[in-house]
Amino acid sequence: MKIINSLLSLISFSIILLFENFLNLIISNTYISIVPFYILLFIFSLKRFNNRNIFPIMGSGILYDIFLSENYLGVYAIVFLLTAVSINYIYEKVIDFNFKLPFIFAFNYLIYNIPNILNPNIFSIIALSVFINYLLFILLKRVMRFRV
Amino acid sequence: MLEAQSKPKRNYVLYILFIFLSSLLILVDYFSSKEISSYIPRTVTFEINLNVFETTFIDSFNSLLTSRAELASENIRLEQEINNLRSLEIENKSLKEKIDSFENISLIKSFNNFNFIETSLIIKNSSNEFLISGGTNQNFQNGDIVLDERGYVVGYLREVFYSYSILETFLSQSFKIQLLDKYNNEYLLSSDGYQLSLASINISTFDSDIDFLFTDILYNHAGKFPVVDTRTINFDLVNNQINSSFKFSNIFTFNTKLFIPKSK
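Taken in sequence, the protein lines are chains A and F. Residue 96 in the working numbering sits at position 32 of the first sequence, and the numbers go up by one each step. Residue 531 in the working numbering sits at position 28 of the second sequence, and the numbers go up by one each step.
I should point out that these hints are in silico values taken from the structure, not numbers from a laboratory. Since no wrong hints were added, every one of them can be taken at face value.
Away from chain A, derived, C-beta distances all over 10 Å, residues of chain F:
1) N578
2) K679
3) E689
4) S703
5) N746
Stretch by stretch, here's where chain A covers chain F in the computed footprint (C-beta under 8 Å, at least three residues):
6) 527-536
7) 622-632
8) 669-676
9) 692-702
Note that beta-carbon positions come from the ideal geometry of N, C-alpha and C, so glycine has one too.
Using the sequences and the accompanying hints, generate a full structural model.
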C-alpha cells in the first residue's frame with residue numbers, strides 16, 4: 065500500500081511539474097513564470113514534511129533530469145530536495161518575524177532557481193514571479209483552508 | 504517531549520542522505536558522459552502509431568456503407584473533401600509566396616538543395632530551453648540550426664533524443680553561435696538570457712553595409728541563413744574590434760512553427 069501511495073504521489077508530482085513547464089511555454093514571458101510545482105513543494109514542506117515525500121520529490125527531479133533538461137542526472141533531484149528541506153527548516157527553526165512566510169517563499173524560490181543563478185538578471189527576472197506565485201499560494205491557502 | 508523535538512531532525516537526516524545519493528548520481532552520470540541520463544530518451548519513442556486504429560475504423564466504416572442514406576452521406580463527405588482540397592490549394596499558394604520571401608531574406612537562390620523539416624515546440628524547461636518534436640527518428644543531429652517562419656535562425660539543437668530534441672535559443676544563458684558577414688568577418692553571438700552580445704573574432708575587411716550576419720557551413724551549419732539584422736542594432740568598429748549588446752524580443756509562442764534545414 066505504501067508503495068502504491070508513493071507511486072501515485074510520484075505520478076501526480078511529475079504531472080504537476082510537466083504542467084508547470086507547459087504553462088510557461090504558453091505564457092511565453094521572460095519575467096513571469098507560474099510555478100505550481102514549487103507551490104506544491106512549499107505546501108508539502110510546511111504541512112506534510114515527512115520521509116514519505118522523499119521518493120516522489122526525488123523521483124520527479126530525476127524524471128525531469130532525464131526527459132526535460134540537459135543537466136546531469138540528479139541535479140534537479142538535489143534542487144527539489146534542498147528546497148523542501150530549506151523551506152521546512154527555516155519555517156520550523158528560525159524565530160517568527162513579520163513577513164516570515166513571504167521571506168521563506170522568496171528565499172526558497174531562489175534555491176528552486178539555482179540552475180539559473182548565474183544569470184546576471186536573475187533577481188529582476190524572479191521578482192515578479194515570486195509576487196505572482198505567492199499570491200497564488202495565498203489564494204490556494206484560502207481555498208483549501210489550511211493554516212500556515 | 505524530547506521525541507517530538509528530535510523527529511524533524513531525523514527527517515532532515517534522511518533528506519540529506521538522499522541529496523548525497525543524488526550527488527553520487529551526478530558524479531556517475533558525469534563520468535559516463537551522460538550515458539545514463541540520455542539512455543532512456545534516446546531509446547524510448549513517444550510516437551503513437553495510429554495506423555491500427557485507422558484501419559479498423561475504415562473497415563468498420565466500409566461495412567456500414569450499404570444503404571442509400573449512407574451513399575448520400577458519402578456524397579456530403581466528398582463535397583467536404585473538395586472544399587478541403589481547395590483550402591489546401593490556397594495554403595499551397597501562400598506557402599510558395601513564403602518560400603519566395605525566404606529566398607529574398609536568406610540570399611539562397613535555390614531552396615531545392617534543402618529539405619525543410621517542420622517541427623514544433625512541446626514544452627519550455629526552467630532553464631529557458633525548448634523541447635521540440637523530432638529527434639534521431641527524423642535524422643536531426645546535435646548542432647542543427649533551427650529557423651522560424653521568416654527564415655531567421657532562432658537557435659540550434661543542443662541535445663537530440665529519439666523523438667524529441669532540446670533547442671538552445673537566445674533565451675538560454677548558454678547560447679553561443681559563430682557567424683559570418685558578407686565580407687567573411689567572423690563573429691561570436693552569445694546570450695545571457697536577457698540580452699545578446701556580439702563580439703568580433705576576426706575582422707579582415709569591414710564596411711558598414713554588412714546588413715546581415717549569417718550561419719555558414721564553415722561552422723558545420725546546414726547553410727547560409729540570417730541570424731542578426733545589423734541594420735537594427737548599434738554596431739561600430741573600434742580598434743578593429745566590434746562589441747555590441749542588444750535586446751531581443753521573445754518570438755516563441757505556443758503556435759510557433761520551426762524548420763530545420765537539411766542538405767539533400
